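S.K.: Could you put together the complete structure from these sequences and hints?
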Amino acid sequence: MIRVIRARYKNGVLKPLEKLDLREGEEVEVVIRRSTIRVFGSLLRRRPDLKLEDVDKIIEEIENEGIL
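Heads up, the sequence shown is in this note's numbering, so the first residue is 1 and it goes up one at a time.
I should point out that these hints are in silico values taken from the structure, not numbers from a laboratory.
As the structure is a computational prediction, the values presented were derived from the model and not from experiment.
For each residue, glycine too, the CB sits at the ideal point set by N, CA and C.
A few of these clues could be false.
As the list claims (entries may be wrong) - Label-pair distances were calculated between CB atoms; the ranges are:
#	residue 1	residue 2	range
1	PRO48	ARG8	43 to 51 Å
2	GLU24	ASP54	46 to 54 Å
3	VAL13	LEU43	44 to 52 Å
4	VAL30	ASP54	22 to 30 Å
5	GLU18	ASN64	20 to 28 Å
6	GLU18	GLU61	22 to 30 Å
7	ARG6	SER42	12 to 20 Å
8	ARG38	GLY12	15 to 23 Å
9	LYS15	THR36	37 to 45 Å
10	ASP49	GLU27	41 to 49 Å
11	LEU43	TYR9	34 to 42 Å
12	ASP54	ARG3	35 to 43 Å
13	SER35	GLY12	15 to 23 Å
14	LYS51	ASP21	39 to 47 Å
M.R.: This is the structure:
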């Protein structure tokens with residue numbers, strides 16, 4: 001079974017942001033991938049022709065529209 005979930009890393013531990021249907025002690029494989037919006041924002045910030053305020057506005061619009 002493959003299921004994609006979001007998790008938050010804090011104090012050395014990945015904590016799922018939603019309930020998981022797993023048995024106690026069950027092992028799973030974890031693939032780490034940064035949030036697409038964070039990667040996209042990082043790339044936009046490297047553009048010298050864009051102001052930081054414009055980048056923030058673009059990212060906010062993308063998040064609000066659920067585009068990525």
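S.K.: So which of the earlier hints does this model not fit?
M.R.: 1, 3, 4, 9, 11
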